[in-house]
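Peer 1: Residues per chain are reported as follows:
There are 2 protein chains.
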Amino acid sequence: MTTYNNNFYAVIMAGGIGSRFWPRVSTTKYPKQFHDMMGTGETLIQLTYNRISNIVQPENILVLTNESYKDIVKEQLPKIKEDQIVLEPAMRNTAPCILLAALKIRKMNEDAVMIVAPSDHWITEKDAFLDDINFALQMASKEDSLITLGIRPTNPNTGFGYIQFENNAQEERLQKITRFAEKPTLRNAKKYLEEGNYLWNAGIFIWRASFIIDSFSTHLQEMYRLIIDGEKDLNGPNEDKFIKENYPQAQNISIDYGILEKSDSVYVIPASFDWDDLGTWGAMYNQLAKDGHKNAVVNAKLIPENSTGNIVYTHSSKVVVIQGMEDFIVVDDKDVLLIVPREKEQEIKNIRARVLEKFEDLG
Amino acid sequence: MTTYNNNFYAVIMAGGIGSRFWPRVSTTKYPKQFHDMMGTGETLIQLTYNRISNIVQPENILVLTNESYKDIVKEQLPKIKEDQIVLEPAMRNTAPCILLAALKIRKMNEDAVMIVAPSDHWITEKDAFLDDINFALQMASKEDSLITLGIRPTNPNTGFGYIQFENNAQEERLQKITRFAEKPTLRNAKKYLEEGNYLWNAGIFIWRASFIIDSFSTHLQEMYRLIIDGEKDLNGPNEDKFIKENYPQAQNISIDYGILEKSDSVYVIPASFDWDDLGTWGAMYNQLAKDGHKNAVVNAKLIPENSTGNIVYTHSSKVVVIQGMEDFIVVDDKDVLLIVPREKEQEIKNIRARVLEKFEDLG
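In order, the protein sequences belong to chains U and G.
According to the working numbering, the first sequence holds residues 4 to 366 in order.
According to the working numbering, the second sequence holds residues 4 to 366 in order.
These aren't lab readings, by the way, just hints derived from the structure by calculation.
Values in this document were obtained by computation on a predicted structure and should not be read as measured data.
Treat the hints with care, as some may be off.
All copies of an identical chain are treated as equivalent in the list; a pair is satisfied when it fits inside any one copy or across any two copies.
[Stated by the list, open to error] Calculated pairs, SDA-like style, for lysine to any residue (alpha carbon to alpha carbon, straight line, at most 20 Å):
#, residue 1, residue 2
1, K321, N353
2, K337, S320
3, K361, Q326
4, K337, V300
5, K244, L90
6, K321, K337
7, K179, T283
8, K337, N302
9, K361, G233
Isolated chain U, as found in the complex (with noise of 0.2 Å):
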């Protein structure tokens, strides 16, 4: 039986699409994190909400969604309680968000402290994971810090953003960070990987609840005033109302952008696990295990014939051949069959769109 510490709490941020990845895995009607995308026999959401509960108790554990993912989420999360689905009204990115989270959970708990967490990661090492996470709450518990879990890239990747920490304290677990960078150029990537002093942002925030709610009232004033009007409606009755009335208004800003680069008290812990995004069909590919002719499967049983370097994905356990196929990405979901060179994968944003188009009903 664990012991809990009751002061932490997580928010597992459930809201987003992802149209890169692109089809079966993000519709809008069923994105990304309510898949079994690793073949593992569970969703990415339930992935993560089992990972957490090894740190947090499960009652202390939020979801942040969409109204139209509300019984997914029941569904996959039977422990959820309603009370601990926050609904959000209109796309309004993470800050907002995480606002009206830590809102609700200094209001339940003062000294709370906090992991939000996306919902559609893949991480292998749980145990390394929650040995960072384990860490950094005891660090935010302690200090007025906004901490974050840095990636150490592997590749320079574009589609991330980076973090750069003080290059003179590399030995130190817990990193003053120097400077947030958007999504770089490969030549900046290429730069950041060189000088060994940036990590890939994944999403993954720690901090006391009342820390990152007087960080907003300090760098999103605006946001903060919009919201804290509410807190006395906040875990009760009222509360919805509050939420669809006044939500909407809210800015469209990430955390990063809105709070964590304007804060002087942000600190990363270079991850020690294994982390991706998932966030495209090649990203997938690199984490999956491959065959003798790296070809690598989720769900279909694959007859590969003289094929090699391919990713095939299947809704049902559905038999592939392939003959002649090298380097493509297969994707057979109910409505949709995509078969698409894995160097193409970018551009699967851009024939979604185009498919949209023509057919509206499969987005």
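Keeping the supplied structure of chain U fixed, place chain G upon it in accordance with the hints.
Peer 2: Structure of chain G alone, referenced to chain U:
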């Protein structure tokens, strides 16, 4: 309102499967003739039935099939009554079932002239077809003749049997057959094309019921004796019992090999209509309309990007996105997805066998 000749009968052969045409269309559970192969809105057996019922009155049409397809036939051909469906208890090639059908028909009408037609062929020019059939029926009524419709070859196809007719009578519509040639080598097929007096054997036959029965008594005496024994039971309550007990003992032989090659009364009418046996995905590709990049589609909503010469067949009307695909066969069935270069289509039979070895349910 069509005025029918009451002596005209037809037998639609609907028992076969074609394993080159896997997946989807030749599972043993649901073979090709029961599919809307060309996306016309009608299955091949429905198209065949409708075509023939222009010239043969509906109650004179028999369907020969297997026990396991009985319900599909009833569903797809609702006008066919139970006693018009003849069920073969065992796969015994074409000779025994044609004899059985001829005996049933002769018992209904001593003067019957019958068409024997496969249920799974593709014929576009209905009027030309009916004109040829009509001519054949007239000729067969008048003379002791076994008439087949021969298709003018458009390429040296090695997948068909060939019919050689008398060289010195090319202007005649009804030609005396000099030789049946089995599926040839490519070299021989090319020679046949050059020689100009060869036709493809489409397996469409026309003859008087009494004359084909006489031919059995001459050329396949053992089979004749086996089946004639049950003549008294045919078209009556004991028919089923007789067939079940005797049919499985019949020799497994084709009408071509068992009768036509031995008879002196065999004639061919060079067909004036376009025909295909749709025996392979390549055959289907050739028959289908193409888009500007030579892609052919059945059922799918195809979004081709930088892709040419593909055939894409889906069970449902799902969206298929292909990019950088050239000359591929893409077949998306419920349980199997097949992606194979068109030039490798002859390997599909072997692939099917390998798949069935592993996943026996998918035959």
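Peer 1: Each hint: holds or not?
Peer 2: Hint-by-hint comparison with the structure:
In this homomeric assembly, K321 and N353 come within 20 Å of each other (Cα to Cα) only across copies, at 19 Å, whereas the closest approach inside a single copy is 28 Å. For a Cα distance limit of 20 Å, the shortest separation of K337 from S320 qualifies both inside one copy, at 12 Å, and across copies, at 10 Å. Proximity of K361 and Q326 under a CA criterion of 20 Å is satisfied inter-copy only: 17 Å between copies versus 30 Å inside one chain copy. Taking CA atoms no more than 20 Å apart as the test, K337 paired with V300 passes in both settings, with 17 Å inside one copy and 18 Å between copies.
Proximity of K244 and L90 under a CA criterion of 20 Å is satisfied intra-copy only: 11 Å inside one chain copy versus 69 Å between copies. Proximity of K321 and K337 under a CA criterion of 20 Å is satisfied in both settings, with 11 Å inside one chain copy and 8 Å between copies. Taking the shortest alpha-carbon separations for K179 and T283, neither the intra-copy value of 30 Å nor the inter-copy value of 66 Å comes in at or below 20 Å. In this homomeric assembly, K337 and N302 come within 20 Å of each other (Cα to Cα) both inside a single copy, at 13 Å, and across copies, at 14 Å.
In this assembly of identical chains, K361 and G233 lie within 20 Å of each other by CA distance neither inside one copy nor across copies; the values are 43 Å within and 61 Å between.
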